[in-house]
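Asks: Chains A and B, in that order, give the protein sequences. Everything in the first sequence is counted per this note's numbering, starting at 1 for the first residue and increasing by one. Everything in the second sequence is counted per this note's numbering, starting at 303 for the first residue and increasing by one.
By construction, these hints were calculated from the structure, which means they are not laboratory data. The reader is advised that the hints may include incorrect statements.
To give an idea of the chain A side of the interface with chain B (calculated C-beta under 7 angstroms), a few residues [claimed, not checked]: (1) Thr-16; (2) Leu-28; (3) Thr-33; (4) Thr-36; (5) Arg-42; (6) Val-55; (7) Tyr-121; (8) Ala-128; (9) Thr-137; (10) Arg-173; (11) Tyr-209.
Taking beta-carbon pairs under 8 angstroms as the criterion, some of the chain B residues facing chain A (in silico) [what the hints assert, rightly or not]: (12) Ile-326; (13) Thr-330; (14) Leu-334; (15) Pro-339; (16) Gly-377; (17) Leu-382; (18) Thr-384; (19) Leu-387; (20) Leu-430; (21) His-436; (22) Glu-440; (23) Val-454.
Ideal Cβ placement from N, Cα and C applies to all residues, glycine included.
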Amino acid sequence: MIRLSPQLRAGIQRSTLPALILLSGAMLVAGKTDQTMFETLRTGLSDVAAPALDVASRPLRAAEAAIDRVRGFIGVYQVNRRLEEENQRLLQWQQVALKLTTENRQLQGLLKVVPDRAVSYVTARVIANSGGAYVRTVMINAGSQAGLARGQAVITGDGLVGRLTEVGSRAARVLLITDLNSRIPVKIEGSNTGAVLAGDNSERPRLLYVGSPEALKIGDRVVTSGEGGVFPPDLPVGMVSAVGPAGPRVEPYVELSQLGYVLAVDYGLSGALPQPVPPAVRPGRKSKAASEELQTPAQPAR
Amino acid sequence: MALREFTAPELPRVNSNAARLVPILTTTIAALVAILPLQIPGYAALTPALALMAVYHWTLYRPDLLPSYALFGIGLGEDLLTGSLVGVGALTLLVTRAVVLRSRRHFVGRSFPAVWAGFTLVGGGMMLGLWALHCLLESSLINPRNTIFRMVLTIAVFPAASFLLGSTQRVLIDGPRLMRRR
Chain A
1 MIRLSPQLRA
11 GIQRSTLPAL
21 ILLSGAMLVA
31 GKTDQTMFET
41 LRTGLSDVAA
51 PALDVASRPL
61 RAAEAAIDRV
71 RGFIGVYQVN
81 RRLEEENQRL
91 LQWQQVALKL
101 TTENRQLQGL
111 LKVVPDRAVS
121 YVTARVIANS
131 GGAYVRTVMI
141 NAGSQAGLAR
151 GQAVITGDGL
161 VGRLTEVGSR
171 AARVLLITDL
181 NSRIPVKIEG
191 SNTGAVLAGD
201 NSERPRLLYV
211 GSPEALKIGD
221 RVVTSGEGGV
231 FPPDLPVGMV
241 SAVGPAGPRV
251 EPYVELSQLG
261 YVLAVDYGLS
271 GALPQPVPPA
281 VRPGRKSKAA
291 SEELQTPAQP
301 AR
Chain B
303 MALREFTAPE
313 LPRVNSNAAR
323 LVPILTTTIA
333 ALVAILPLQI
343 PGYAALTPAL
353 ALMAVYHWTL
363 YRPDLLPSYA
373 LFGIGLGEDL
383 LTGSLVGVGA
393 LTLLVTRAVV
403 LRSRRHFVGR
413 SFPAVWAGFT
423 LVGGGMMLGL
433 WALHCLLESS
443 LINPRNTIFR
453 MVLTIAVFPA
463 ASFLLGSTQR
473 VLIDGPRLMR
483 RR
């Protein structure tokens, strides 16, 4: 170890804190100007930390499962009755669905419909969330090794969760639809009115650039429009939960604060997403990832 | 910026290397626990600022064992793992340290309510400052509701965190030394 004079050592000690504060400030400004600057570092650290976070989040999952089980025992009688009734109803629906499937197949055959491209799913577990009030992202324990790629849609059985913004080899980051930087082209189901779903870090994202706002009703289903070629059309997103002068808002179908397992879906569309481009090329301040441009330009004119 | 660092001489020296690592370890654990995906509705948005509590505690009682560069590292790791803007976490923890160092003499040796009041001022101030910084960086007015909830929760949880950290300190850092002295 190098021996330093006491004065020099005291000097270094005194200036460390201000120097590091300045350095963090500088990094903040630099990172804000060029969003891609720290991306390699980010994915690198995520890859390294993923196994540890994976292990650390397991006991939580086990504890939750145990609580769930106890809760399940308490309500077992009512649940059983409800399920029996539901089962009766669903059996009827099954008959209807089977009939419709056959009919649909016959009609598609008549019309020579081109079938949708094959879809592949990767199931992953959420191992970390954003733990703060200013970003809405989660980390999942699968990455490029499992076939994930930037821009893929992330869903659960209930609906859209978000999309992959950073993909490391073992972990990936999902930008949730509620994040301040999330913009998703959507439409109101049935009416085909286009809109953009814009997150603002609250639980209920806003609905911008609605084609005909007066036609909007609480309870309308919001689905992806497929414009911009990032998400396939008709993925369920949420339900209109507020209309009025403050602007319409959407309640997501997925309980985003309680994500356990999610599906990263490859619809064969993510090839349309460019790799990060240098900041000079990117217009606007909201572009957290280059992919944003592909999602936003589809804003229909009022 | 005139920041005075309180250096080791006024604090009793800790000989055990393991004990010297306790503040850094507990702060790192606090930062990690905050990002674990607990299945509590709204938890991600309202997670109490656990690392902030650890930094306040250790800077107050053992500033020599939680040096600035450790805070920089922990803050940076936090930013990279949570996907926030790089530098925000480090800046928060370092400024907290700077503020606590400057006002340390008002709180050290005081009763717990005074320490808690100090945390309310420093922690609450930091969280409001962070909100203002994000509004500035995103150049839009972010709804302060979550920040306020989070702030109240953080201040409310502080006594428990302070008790845990204080016990850890007594057992692992102060304890062995006192026993040896006897």
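Asks: Run every hint past the structure and note whether it holds.
Replies: Consistency of the hints with the structure:
no.: 1; hint: Thr-16; in the structure: 5 angstroms, holds
no.: 2; hint: Leu-28; in the structure: 3 angstroms, holds
no.: 3; hint: Thr-33; in the structure: 11 angstroms, violated
no.: 4; hint: Thr-36; in the structure: 11 angstroms, violated
no.: 5; hint: Arg-42; in the structure: 5 angstroms, holds
no.: 6; hint: Val-55; in the structure: 11 angstroms, violated
no.: 7; hint: Tyr-121; in the structure: 20 angstroms, violated
no.: 8; hint: Ala-128; in the structure: 5 angstroms, holds
no.: 9; hint: Thr-137; in the structure: 4 angstroms, holds
no.: 10; hint: Arg-173; in the structure: 5 angstroms, holds
no.: 11; hint: Tyr-209; in the structure: 17 angstroms, violated
no.: 12; hint: Ile-326; in the structure: 15 angstroms, violated
no.: 13; hint: Thr-330; in the structure: 11 angstroms, violated
no.: 14; hint: Leu-334; in the structure: 7 angstroms, holds
no.: 15; hint: Pro-339; in the structure: 5 angstroms, holds
no.: 16; hint: Gly-377; in the structure: 7 angstroms, holds
no.: 17; hint: Leu-382; in the structure: 5 angstroms, holds
no.: 18; hint: Thr-384; in the structure: 5 angstroms, holds
no.: 19; hint: Leu-387; in the structure: 5 angstroms, holds
no.: 20; hint: Leu-430; in the structure: 11 angstroms, violated
no.: 21; hint: His-436; in the structure: 5 angstroms, holds
no.: 22; hint: Glu-440; in the structure: 6 angstroms, holds
no.: 23; hint: Val-454; in the structure: 12 angstroms, violated
The structure fails hints 3, 4, 6, 7, 11, 12, 13, 20, 23 (numbered hints given earlier, in ascending order).
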